[in-house]
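Visitor: This is what each chain is made of:
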Amino acid sequence: MNLKATIGMETHVELDTKSKMFCSCEVVETDEPNVSVCPTCLGLPGALPVPNKTAIEYIVMLSLGANCKITNEGMFHRKNYFYPDLPKNYQISQFDFPVGVNGSLEIVLDEELHSVEIERVHMEEDTGKSVHMGSGRIDSATSTLLDFNRSGIPLVEVVTKPVISTSKMAVAYIEELRQVVIDLGISKGKLEKGNLRFDANISVADENANELGTKVEIKNMNSLKSLEKAIDYEIMRQSKQVEKGESVIQETRHWDENKQVTVSMRTKEGSADYRYFSDPDLPNMIIDQDFIDNSKKNIQNLPTDKRKTLKESGLSLSDSNYLDKGEKWLYDLYLSTVENTKDSKSTFNFLTGELQGQMRKAEIDELPNWVDSVKLANLINLFETNEVSFTSAKDILTKLLSEDIDPKSYASDNNLIQSSDDEEIKALVTSIIKDNQDIVERLEDPEDKLVGFLVGQVMKSSENKVNPGTVKDILLKELFG
Amino acid sequence: MSENFNIDDVSNLASIELSEDEKAKLQKDLQIILEHVDALKNIDVKDEKIDIHPLSKVLELRKDESKESLKHEDAMMNSPETKDGHFVVPPSIE
Numbered sequence: 294m295n296l297k298a299t300i301g302m303e304t305h306v307e308l309d310t311k312s313k314m315f316c317s318c319e320v321v322e323t324d325e326p327n328v329s330v331c332p333t334c335l336g337l338p339g340a341l342p343v344p345n346k347t348a349i350e351y352i353v354m355l356s357l358g359a360n361c362k363i364t365n366e367g368m369f370h371r372k373n374y375f376y377p378d379l380p381k382n383y384q385i386s387q388f389d390f391p392v393g394v395n396g397s398l399e400i401v402l403d404e405e406l407h408s409v410e411i412e413r414v415h416m417e418e419d420t421g422k423s424v425h426m427g428s429g430r431i432d433s434a435t436s437t438l439l440d441f442n443r444s445g446i447p448l449v450e451v452v453t454k455p456v457i458s459t460s461k462m463a464v465a466y467i468e469e470l471r472q473v474v475i476d477l478g479i480s481k482g483k484l485e486k487g488n489l490r491f492d493a494n495i496s497v498a499d500e501n502a503n504e505l506g507t508k509v510e511i512k513n514m515n516s517l518k519s520l521e522k523a524i525d526y527e528i529m530r531q532s533k534q535v536e537k538g539e540s541v542i543q544e545t546r547h548w549d550e551n552k553q554v555t556v557s558m559r560t561k562e563g564s565a566d567y568r569y570f571s572d573p574d575l576p577n578m579i580i581d582q583d584f585i586d587n588s589k590k591n592i593q594n595l596p597t598d599k600r601k602t603l604k605e606s607g608l609s610l611s612d613s614n615y616l617d618k619g620e621k622w623l624y625d626l627y628l629s630t631v632e633n634t635k636d637s638k639s640t641f642n643f644l645t646g647e648l649q650g651q652m653r654k655a656e657i658d659e660l661p662n663w664v665d666s667v668k669l670a671n672l673i674n675l676f677e678t679n680e681v682s683f684t685s686a687k688d689i690l691t692k693l694l695s696e697d698i699d700p701k702s703y704a705s706d707n708n709l710i711q712s713s714d715d716e717e718i719k720a721l722v723t724s725i726i727k728d729n730q731d732i733v734e735r736l737e738d739p740e741d742k743l744v745g746f747l748v749g750q751v752m753k754s755s756e757n758k759v760n761p762g763t764v765k766d767i768l769l770k771e772l773f774g
Numbered sequence: 527m528s529e530n531f532n533i534d535d536v537s538n539l540a541s542i543e544l545s546e547d548e549k550a551k552l553q554k555d556l557q558i559i560l561e562h563v564d565a566l567k568n569i570d571v572k573d574e575k576i577d578i579h580p581l582s583k584v585l586e587l588r589k590d591e592s593k594e595s596l597k598h599e600d601a602m603m604n605s606p607e608t609k610d611g612h613f614v615v616p617p618s619i620e
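Chains as they are written, first to last, in the numbering used here: chain A, 294 to 774; chain B, 527 to 620.
Check the hints yourself; a few may be wrong.
Said to hold, decoys possible - Cβ pair distances, simulated, as ranges:
(1) B:E599 <-> A:T435: 22 to 28 Å
(2) B:E599 <-> A:K311: 31 to 37 Å
(3) B:Q557 <-> A:K481: 48 to 54 Å
(4) A:S397 <-> B:E574: 29 to 35 Å
(5) B:Q557 <-> A:E550: 21 to 27 Å
Claimed, not checked - Cut-off 25 Å, straight-line C-alpha distance, at most; resulting in silico cross-link-like pairs (DSS-like, lysine-lysine):
(6) A:K481 <-> B:K567
(7) B:K593 <-> A:K481
(8) B:K567 <-> A:K346
(9) A:K372 <-> B:K567
(10) A:K311 <-> A:K518
Think of the hints as simulated: they come from the structure by calculation, not from any bench. Heads up, the beta-carbon is just placed ideally off N, CA and C, and yes, glycines get one too.
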């Protein structure tokens, strides 16, 4: 029996607003508990919620960014459940009239574009944070400590249709969504800070089955790596059960990072158990065309637009996807540099490989102000035209990162310009052949490893001033005709 | 008539413990409510305009400005137990 996995993702995006969703408490990043709380976000009786306009603008922007249709007449619902981090005993959320419906996000997997359909984008509020006290084991906690600074921070939930088939595709989708919210400027998008939190709904069934298998929800994946591992593990676990003819239980499972397994948390509530009903404190939310148009004005240069520009510069889809997910300065630097090099691949390789590598090594986050795209393009052109070796180019870059130099003048002044004089190289080659007759006699064909040794000898005798490619060409011509 | 109505599920969801007598009484009362809702389901509304919310008022939105919150001490004032600035509750593991 051939099995197929079907995955749907639910992602919570914490919006980057100044104040909370339904009250004017400041959104704070602090370890000091309960310092930004009020009767509304503490769920005290009689407090009334008033929605944050910027949060509504942001969710409209995200819905548009995810190509959704906007629901013009929406509303808020109460999702009822008891948990101490939710003191009202209900979360204000949206049920059957979410802000955005039926969208899609384009993702890149290897060199292919895929579309992930989005079912809904809805607005809700975050809960407080719980810390369980006790001997270390979560199930032997003696008390729970509560901090409500996070309670009421605007959250957007983005739900995909069950259209994802592999863990890699799920990771690519989250990376894309993360970049969309960063480019829209509506969330910091930091996974490690919990700005983006995701759950995966996974089922496994016979590939020819018309219906999906039983859905299991996986929670507690804090990084893209754990998302990938948790999905792979869960697909394996369910596949074993299906193959044995056992039925998979519909439940919520928790990813145990230490044991690298999913563990059953509880049987899953159906949506009826949440007893959704329209929140009488919050009347109809009208999102008219003016509001949509105003929100649209703030949308520019999303990952798909950036990929298009990058592809037009000559990059492959996967390289474009890498750069559109990177920092903005690198994207801008690449585009201005490639204008002066006209060589997309070597510009990409040099900036993402050598430049970023050296910056990491030197522990610098920002380029010094004298390093601009013109100097970098000059440097790339120097080694692309074989005027300097790649090794010299790397040394010039190191110098450039610490001192305001002109790459070309520096190369000349420091004797780094390679000879492209064939006669000069030929003389060197002849002399090396003569001095290494024993090796020359052992050569069998042009692919022989010893050819590399001879090229190295020529390079050494020239003090690396000649181009190794040219040396090899001349050497082979001399040896094999 | 609505089937699968189980008073134990409902008391569990509501986190309210019920005695057997209370269960019997509520089972009867809630069943009447469900029958009433079932009666509503039989009304032909296909030509009616859908009011999605009980209020006709339109939601007012607030500018994204932060204002002073409760003082920490005031926020914690009525809590029976606190620790390091947190509210303390019995162990609650999902």
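Visitor: Now look at each hint and say whether the structure bears it out.
Guide: Structure-based check of all given hints:
1. Between E599 of chain B and T435 of chain A the beta carbon distance is about 26 Å. The supplied range of 22 to 28 Å therefore holds.
2. Range check, E599 of chain B to K311 of chain A: Cβ separation about 24 Å, and the 31 to 37 Å hint is violated.
3. For Q557 of chain B and K481 of chain A, the Cβ-Cβ distance of about 51 Å falls inside the hinted range of 48 to 54 Å, so the restraint holds.
4. Range check, S397 of chain A to E574 of chain B: about 34 Å between beta-carbon atoms, so the 29 to 35 Å window is met.
5. At about 47 Å, the beta-carbon gap between Q557 of chain B and E550 of chain A misses the expected band of 21 to 27 Å.
6. Between K481 of chain A and K567 of chain B the CA atoms are separated by roughly 46 Å; this puts the pair beyond 25 Å, and the hint is violated.
7. Taking the CA atoms of K593 of chain B and K481 of chain A, the gap is near 22 Å; set against the 25 Å cutoff, the hint holds.
8. This hinted pair does not check out: K567 of chain B and K346 of chain A have alpha carbons roughly 37 Å apart, beyond 25 Å.
9. For the proposed pair K372 of chain A and K567 of chain B, the alpha carbon gap of about 23 Å is at most 25 Å, so the pair holds.
10. About 31 Å separates the Cα atoms of K311 of chain A and K518 of chain A, which puts this hinted pair outside 25 Å; it is violated.
Going through the hint list in order, the structure does not satisfy hints 2, 5, 6, 8, 10.
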